[in-house]
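Asks: Make a model of the complete structure from these sequences and hints.
These are the residues of each chain, in order.
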Amino acid sequence: MARKLRRLARLVTKQHGDEFYHHPGTLPGTIIVDADAPPPVIFLIDYNQTNVIRHQITAPEECVPYLDTASVSWVDVQGLGSQDILQRLGQVFDLHPLVLEDVVNVPERPKVEDYEDQLLFIARMVVPKERTCGFYSEQVSLILGKHYLLTVQEEPEHDCFEGVRSRIEKGKGIIRKQGADYLAYALLDAIIDGFFPVLELYGDRIEELEEEVIANPTRQTLQNIYQIRRELLQLRRSIWPQRDAINSLIRDGSELISEEVRIYLRDCYDHAVQVMDMVETYRELASGLMDVYLSAVSNRMNEVMKLLTVVSAIFIPLTFVAGIYGMNFNTEKSPYNMPELNWYWGYPICLAVMAVIGFGLLFLFWQRGWLENSSTIKRD
Amino acid sequence: MARKLRRLARLVTKQHGDEFYHHPGTLPGTIIVDADAPPPVIFLIDYNQTNVIRHQITAPEECVPYLDTASVSWVDVQGLGSQDILQRLGQVFDLHPLVLEDVVNVPERPKVEDYEDQLLFIARMVVPKERTCGFYSEQVSLILGKHYLLTVQEEPEHDCFEGVRSRIEKGKGIIRKQGADYLAYALLDAIIDGFFPVLELYGDRIEELEEEVIANPTRQTLQNIYQIRRELLQLRRSIWPQRDAINSLIRDGSELISEEVRIYLRDCYDHAVQVMDMVETYRELASGLMDVYLSAVSNRMNEVMKLLTVVSAIFIPLTFVAGIYGMNFNTEKSPYNMPELNWYWGYPICLAVMAVIGFGLLFLFWQRGWLENSSTIKRD
Amino acid sequence: MARKLRRLARLVTKQHGDEFYHHPGTLPGTIIVDADAPPPVIFLIDYNQTNVIRHQITAPEECVPYLDTASVSWVDVQGLGSQDILQRLGQVFDLHPLVLEDVVNVPERPKVEDYEDQLLFIARMVVPKERTCGFYSEQVSLILGKHYLLTVQEEPEHDCFEGVRSRIEKGKGIIRKQGADYLAYALLDAIIDGFFPVLELYGDRIEELEEEVIANPTRQTLQNIYQIRRELLQLRRSIWPQRDAINSLIRDGSELISEEVRIYLRDCYDHAVQVMDMVETYRELASGLMDVYLSAVSNRMNEVMKLLTVVSAIFIPLTFVAGIYGMNFNTEKSPYNMPELNWYWGYPICLAVMAVIGFGLLFLFWQRGWLENSSTIKRD
Amino acid sequence: MARKLRRLARLVTKQHGDEFYHHPGTLPGTIIVDADAPPPVIFLIDYNQTNVIRHQITAPEECVPYLDTASVSWVDVQGLGSQDILQRLGQVFDLHPLVLEDVVNVPERPKVEDYEDQLLFIARMVVPKERTCGFYSEQVSLILGKHYLLTVQEEPEHDCFEGVRSRIEKGKGIIRKQGADYLAYALLDAIIDGFFPVLELYGDRIEELEEEVIANPTRQTLQNIYQIRRELLQLRRSIWPQRDAINSLIRDGSELISEEVRIYLRDCYDHAVQVMDMVETYRELASGLMDVYLSAVSNRMNEVMKLLTVVSAIFIPLTFVAGIYGMNFNTEKSPYNMPELNWYWGYPICLAVMAVIGFGLLFLFWQRGWLENSSTIKRD
Amino acid sequence: MARKLRRLARLVTKQHGDEFYHHPGTLPGTIIVDADAPPPVIFLIDYNQTNVIRHQITAPEECVPYLDTASVSWVDVQGLGSQDILQRLGQVFDLHPLVLEDVVNVPERPKVEDYEDQLLFIARMVVPKERTCGFYSEQVSLILGKHYLLTVQEEPEHDCFEGVRSRIEKGKGIIRKQGADYLAYALLDAIIDGFFPVLELYGDRIEELEEEVIANPTRQTLQNIYQIRRELLQLRRSIWPQRDAINSLIRDGSELISEEVRIYLRDCYDHAVQVMDMVETYRELASGLMDVYLSAVSNRMNEVMKLLTVVSAIFIPLTFVAGIYGMNFNTEKSPYNMPELNWYWGYPICLAVMAVIGFGLLFLFWQRGWLENSSTIKRD
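Protein chains in written order, with numbering that gives the first Met the number 0: chain A, 0 to 379; chain B, 0 to 379; chain C, 0 to 379; chain D, 0 to 379; chain E, 0 to 379.
In case anyone wonders, no lab produced these hints; they're calculated from the structure. Incorrect hints may have been included.
[As the list claims (entries may be wrong)] Below, simulated DSS-like cross-link-like pairs (lysine-lysine); rule was C-alpha separation at most 27 Å, straight line:
(1) Lys332/C <-> Lys332/D
(2) Lys332/E <-> Lys332/D
(3) Lys110/C <-> Lys110/B
(4) Lys332/A <-> Lys332/E
(5) Lys110/E <-> Lys110/A
(6) Lys145/E <-> Lys128/E
(7) Lys110/E <-> Lys110/D
(8) Lys110/C <-> Lys110/D
(9) Lys176/B <-> Lys128/B
[As the list claims (entries may be wrong)] Only some residues are given here: those of chain B computed to face chain A with a beta carbon under 10 Å:
(10) Tyr114
(11) Gln117
(12) Thr217
Glycine included, each C-beta is placed from N, C-alpha and C at the ideal position.
Replies: Quick look at the structure:
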């Protein structure tokens, strides 16, 4: 558990941690390349209504002939592991130093920035992990130009753009008839829709935890609730600024985005709001679960106490009675010294008295309902 | 209980769960038909000030002749189980692909969208369950055109529009004199008013829980409080965006809604605010109940502890005294070895001492108020 | 207690409960008359700078001659128990169907609505109960016309308008020199000022509860805190929308309200804000009290536990010692078998050892401060 | 303690309590004079760049000759105990009835109101108590005219204006070169700065409570935390509306306040924000302390329980062993009847077994860390 | 611990404490010099695209020749310990009295103020402490003029401007080509970026505390959580107004800041938002940890109680049985008086019965899962 939490913590820390800030006072626009990051792989897709070209390229400069044509060019860079390639990319696309910094020095907070002839959208993509509950989180930067879209992902592995790629290749829907702005919308839509499978996982886990809290709450349950709250917090921090960024895309009216695409973005915004809504609902449910857990613990302690009290309250008086007749007062010295010991029916009477006391107390406890196991809940 | 919660969870999950998102990256406007959904049943009501036609139709195309006439046509589709019919419906009413997606891929968040000659209102209707406390929740999409209103419900069973239908047929009120916008208002009003009976159920349940928390709080009580909080959370998520949507209907000034209807919508908005208000009040009451429950549990543990302490504090010293006179010091070897055992009044004195100790402690506890049953509350 | 809570609950429920919504889908403007409501009593006061007429009337139509004159007519309807009279009233004053609905179908949320030549203000009036802590809550609807003011109260019993009536009759202040708008202000001011005596009651009760939580917290205390929170919640729901309504009265600039009266309304608004402020403060105090209560309960359990532990820790070891010398090892078989029993000073030494152990432990506990009664607080 | 809390409560109640509202429905502008209030003392300071006159006057009418001159006249009324004088004051300064009501019927919520040729500023002044932690709270009303400033304080005792008076007399700074608006600013600045010494007291007290919660938390600690939260709540209610009032002074642009003074007011506003900030920080610290207190109580109960458990778990089994050998089975009837009693080494072996059991359990508890006093915190 | 907390408290108090307010009513613009403050050290850097001059000066007047030239002059004052020098500085730079007050009377809340030809920015710089977790916090005031930037720091020791100084000297980036506004931006950027290393420390500490709460929660853990919450509160109070101030720098459009620098400030604003975001996340994590801590304590008490109950419930009945056969009923007087004592197998049977009872109870407890150590969490 501890190791798991630590790994999680590192994951969170990684997002805010060592590599993600440069030393205070360094040159703005400085880019820092993490030595462990995967080397960039670059894919180029160039399409118009009739043709599609898709191939992998090695040097950023190979894009140049495609950028100025009327066809839409989508350059998809996956991996941030080479300072050289990233800087050449910056020159090819004529990126502002601050844009390059935002793209490379991950993680950056999701946002949209308008640089006259380019629009920068920093997004955060989540991909559910297959086995365990959890998700990979990766920054995707979209730089939209007149006839091109440059996307930069942190790593080549996880990606939720396959559907868009196949729509381009097969010419499904209107994507081939539209410009680079529609492509940007399609990718954003895929990113936002990518939150739903992750949220579904959390919905299931909360459901499981609800059962667990009722049936058999352990300390592990508590850990799980804490962890879910923590991960939902992280999801919330990813989706919240993304929603705002999409909203300002819709309203601020950059010339790079057509009216028609704006209508589609409104739909994308609605989905982002829905994701927010669900995250907040799950957060409230998780903190409600914490309350239920705490009172389940209290209830269990109550039961333990009751058992102790019932046992003690019954046997301590009985033991006292037994203790009395264990005293060694000399019955020969005086007729008042424990004459019971010499009675013919002394022992049976004594046992009978004890039985009456014991069962009497038991009856009293039963009457007050202490003997019912309050943890058994009528299941209907 | 567990099964009940699971069912509930599924209900909530259903609203956010498996079927309600398409794979990230799929074509926007793709509609997904749930195989288990009931097949659509279509009703057409066409009326003007003098005539009413009401009949069930089987093919969406049968509506066409009614749509362009000056009379108001209300096409009510109940059930989402046929992709073919839904797509033909989209063609007949010339729906934007995003509209069709919103209508079919339930659940969508309540909202209003203005598509020049059509107005889309996604609403959420709740219908109380008859026996148990709870409610059915269903999406109703209203598409308002110049002379027609298309409504799409998830299933044909539960519905709160019967009152409106009968007002149309019997010509009660001004509904026959008004256009499709008034019809849309009348339906929205019915949807919002439909929250009140559901809320009344929760008011009653909270009242019951208050009694239960005072009289006999069990773990079941806790489950019930948690469940009410959960269901109120769901209600809140339904009514909140609905209120905003009605508000933007009033203010944004679509041409499809007349000034006169806007006044009526203001009334509808007031009711939505009132619903919100009540939901928030109930939520605060429910979380107050949680506090009361937790301290009721603490109080009960307190009582258990008190009983244990009273019994122990009285009998443990007495048992010690009995233990002393159970020791086997040889009285013959020394006059100092337990001479009490040979006293004439030894045993009676010993018992008397014990009685004094026992009743003395009892008196002390009584004086401190420990013997009163603090759980008995003076009922006035 | 339970009955009291139930009665309270009903009071709250009554405000949201059975009668206050019509069946979803019914005609807007439908008025529902509660069979148990008191029959309406109508008072007419007509005054100008020189004359005052005040008498009770039976038929709404009797007002007609007064309404068009330049003198101010105040028609005060008390009771909602007759559908016939209420509908005739609607005709006499030419009320919009929605206005009549809002006035009759209580409770409505406080609000202000502008209907060109009429201004509807839905207010909520509270009147403190004489004996117990609590308040009556009643809806007052004010309909302001050019030269008249129609007020509709739920019942004839409680009322805080007597001061205004006497000012009109005695001609105190400027009320006789002003129009119907000033009369509306004077009534609103009386309604808002009516919250202060109720709040004072709650201030006193919170003060009492503070003493109680310190001196002798019982479960009843908890109930009382919960109840106060509940009632303050209700007060908050009454005053909040009222404040907003007065604010929009000031800003929205209806022609029915003169500039001069607007200055007075600003004062009324300040009072409403002050009421809000006090309600929020009391709510925070009440929830702070809950915290104090919970830790008082914890503290008390702590003390009980300490007593149990002190008694057990002292007597259990002593009883063990007594138990040792109660063993029956045969001292004749061996010199090692409990030779103490045959010692000359055996018993006194044994008692002495016990005394040392007992008082030693007692001293240790005293040193650790366990014997002080931590619940006694130095009162300064 | 209880008496102290009661006194405090009365102080708070006094602010909202008996005397501070008139009967609902009374004439607006009615002033209510508290019979116990101190009689008004009136000071007049009249100054320009060259001269200063300062003397006490008895009748409000004595001010009249000073008011119209170009020199700045500051009339400072201390005490609200005479209806006659207050009403004559209203006539001398030509106050609107609502102004006089706000000034006299304390406490009023801090606010600013613009009456064409007069500006009313209701402020709340706090003065720290010398010995105990706490503060006096008093309403100060400032009425700013063209060439005069009228200030009305509740009582003559506490006051934070001495610094301003001396600056006027000694001609320090620019105060003598500026108009009445600068004087109003100087007084407001003194009022806001007067919150800092009070806050410093609370900072010290919170620091003390932190030590107390760690070292020796008692029920008194809890009371103190509650009381601090209560008093901070009161401070917050004083400063919050004051900040808003200063802000609207700056923005609303009354002609009575010059551009230059507005710059100074901006500084005053910054200080009010800083006060707010500190109050909120202290409130959060105080509620964090409550959490620490609650878990300190839990920890202590844990320790008590551990001690009880250690003592019981060690001695109860031992007592049982002793009990076995205290049984009276007849060793003569059978060789199986407690032959141990007749063994040569019986008693020593029995004691040895007891010792092994006892120290074994002790060792186990020591190993689990139960014997360490968890309440001792390593102090570094 | 206590001393540590006290030191911390003083640090916090110092920020709000003794020296930071002047006596209410003193002259605005009065500067108060703390006798213990370090004496000011003044550095001058004057640069343009080709030359850099950097040297320490002793008298503020030495700056004068540099201020009016077109080159950018950065005067950096470190230390507030001399009233004389600070006032001469005010004269040299022609500072408004209120500016000088804000600069000298630390701490002031971060803010930006526009004085026509000067722009005052009060910032708060944090520098992580090397060994312990914590940070130094210092006010930096920036006064931006046409060709100069005056910065005033509280003390000469900690500083995060070294990177900027070296960029100026080595001519890295565009800093030498830009004006004083860019320099101000560079410093602000260094200040904001300086929060990240501090936040990283807290991220690590929270991670450690998570492990600690799981593995071995002590009272020290609680103290640490409280302290982290407290310090995060302080960080939040530093960054929140700073973010607002940067935002108003961007929007309010002072002429002293060029369009180009405004783009850079936008980047700086994004970083401030990111800092806010992280502080809030850490605060939520810390308060979640408190919940986990509290239930860890409850769980532990549960275990203690269980052990006590298991031991008591097993041995108390057994001791009772032993007590019965320790009674001294006279077997000779009656065949019914404890005949078991004289049975041939009496003792073995008695022991067997005890064993059956004891192991039976043990089995029952084992079956209910009480013997598992619930605190052992499966670590995966």
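Asks: With reference to the structure, classify each hint as holding or not holding.
Replies: To see whether the hints hold, each was checked on the structure:
For the hint pairing lysine 332/C with lysine 332/D, the CA-to-CA distance comes to about 17 Å; that is within 27 Å, so the pair holds. Restraint check: the Cα-Cα separation between lysine 332/E and lysine 332/D comes to about 17 Å, which is no more than 27 Å; the hinted pair holds. For the hint pairing lysine 110/C with lysine 110/B, the CA-to-CA distance comes to about 25 Å; that is within 27 Å, so the pair holds. Taken as a hint, the lysine 332/A and lysine 332/E pair is honoured in the structure, with Cα atoms around 17 Å apart against an allowance of 27 Å.
Between the alpha carbons of lysine 110/E and lysine 110/A the distance comes to roughly 25 Å, so the proposed pair stays at or under 27 Å and holds. Between lysine 145/E and lysine 128/E the CA atoms are separated by roughly 36 Å; this puts the pair beyond 27 Å, and the hint is violated. Between the alpha carbons of lysine 110/E and lysine 110/D the distance comes to roughly 25 Å, so the proposed pair stays at or under 27 Å and holds. Taking the CA atoms of lysine 110/C and lysine 110/D, the gap is near 25 Å; set against the 27 Å cutoff, the hint holds.
Using a Cα cut-off of 27 Å, the hinted pair lysine 176/B and lysine 128/B is violated, with the two alpha carbons roughly 35 Å apart. Restraint check, tyrosine 114/B versus chain A: the minimum CB separation of about 8 Å is within 10 Å; hint holds. Hint status for glutamine 117/B: violated, given a least beta-carbon distance of 13 Å to chain A, over 10 Å. Annotation: interface hint on threonine 217/B holds; nearest CB of chain A at approximately 6 Å, less than 10 Å.
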